[in-house]
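Participant: Protein sequences appear in the order of chains U and R. Residue numbers are given in the numbering used here: position 100 of the first sequence equals residue 100, and the series is strictly consecutive. Residue numbers are given in the numbering used here: position 96 of the second sequence equals residue 96, and the series is strictly consecutive.
Since the hints were derived computationally from the structure, they do not count as laboratory data. Watch out, some of these pointers could steer you wrong.
It does not matter which identical chain is used: a pair holds within one copy or between any two.
Claimed, not checked - With a straight-line cut-off of 20 Å between C-alpha atoms, the simulated EDC-like cross-links for lysine to aspartate or glutamate are:
#, residue 1, residue 2
1, LYS102, ASP36
2, LYS42, ASP110
3, LYS42, GLU129
4, LYS42, ASP107
5, LYS55, ASP30
6, LYS42, ASP97
7, LYS15, ASP66
8, LYS16, ASP66
There are 2 protein chains.
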Amino acid sequence: MSAVFQIFPIGVVRKKEDVVWLEIFAQYSDALLGLDGFSHIKVLYWLHGNDTPVKRGVLQVHPRNDKANPLTGVFATHSPLRPNPLGLTRCRILAVDGNRIKIEEIDAFDGSPVIDIKCFIPSPLSEAEIRLPDWV
Amino acid sequence: MSAVFQIFPIGVVRKKEDVVWLEIFAQYSDALLGLDGFSHIKVLYWLHGNDTPVKRGVLQVHPRNDKANPLTGVFATHSPLRPNPLGLTRCRILAVDGNRIKIEEIDAFDGSPVIDIKCFIPSPLSEAEIRLPDWV
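Construct all of the structure, not just a fragment, from the sequences and the given hints.
Facilitator: Right under this line is the structure:
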């Protein structure tokens, strides 16, 4: 498969002192209707600082940048180095104010392009179902 | 912001009768190291049937395609119609066999391009923290 797909930013992460919000571009405002009924969202953002051929070519890392952790494939981590530099995080909504979604915090930088927002609907697993490696 | 970002598929969803797996392209095999230590992954895939200007332009839907549910912005839903047609789902790993990740099930079609895989590390919320609209 030699396809390439196109991603258009739908907004941008903004951080000013202690205030954090997602600024959604005006043409996508209608897509926010009803978002204020949710406590949390999942935010997909573009790790734009890592969108280079070299960084997109890194396939293994020591998780959490700690050499004590075993060399691990990036698909088995949340490393920002990955073939498609997409970040994913759950955020708590503080308020939806026009085309601004005020959130508690996000592990993205001021200026990171926002790619998609999905409402958060929990689907918890029991502890017995979950298996994690030692480094986690 | 007029940027456009490029997504390169890293594999493809395969479904044959009751068997479901992610076929990861050979050049990304090294990125799977250590994935077998996890019970679950998050899979990002491309909703390739919805990658048209018309479908990417739909900003509001009746959730779950049910007119009884209120018209809702796509960012407040999991609708496959969205500006960037990215699907996101958590899958249980049955086995990692070379560049095939056998999974229990996935809400994608046979042939859907796989965009990214991230290990699943739980971060549960208490019920008191979660708020959902009535249609959920």
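Participant: Given a CA cutoff of 20 Å, do LYS42 and GLU129 count as a within-copy pair, a between-copy pair, both, or neither?
Facilitator: between (23 Å within a copy, 15 Å between copies)
Participant: Cα distance capped at 20 Å. Does LYS102 pair with ASP36 within a copy, between copies, both, or neither?
Facilitator: So LYS102 and ASP36 pass the 20 Å test inside one copy only (11 Å; across, 37 Å).
Participant: State whether the alpha carbon distance between LYS55 and ASP30 is at most 20 Å within one copy, between copies, both, or neither.
Facilitator: Intra 35 Å, inter 15 Å, cutoff 20 Å: inter-copy only.
Participant: Quick one: LYS42 to ASP97, C-alpha cut-off 20 Å, is that within a copy, between copies, both, or neither?
Facilitator: within (18 Å within a copy, 30 Å between copies)
Participant: Tell me, please, which holds for LYS16 and ASP66 at an alpha-carbon limit of 20 Å: within, between, both or neither?
Facilitator: neither (30 Å within a copy, 40 Å between copies)
Participant: For LYS42 vs ASP110, is the C-alpha pair at or below 20 Å within one copy, between two copies, both, or neither?
Facilitator: Classified as within; 17 Å inside a copy, 25 Å across copies.
Participant: Between the shortest in-copy and the shortest cross-copy C-alpha distance, which are at most 20 Å for LYS42 and ASP107: within, between, both, or neither?
Facilitator: Both. Shortest intra-copy (12 Å) and inter-copy (18 Å) distances satisfy the 20 Å Cα cut-off.
Participant: Since the copies are identical, ignore which copy is meant and state whether LYS15 and ASP66 lie within 20 Å (CA to CA) inside a copy, between copies, both or neither.
Facilitator: neither (27 Å within a copy, 37 Å between copies)
Hints 7 and 8, counting from the list given before, are not met by this structure.
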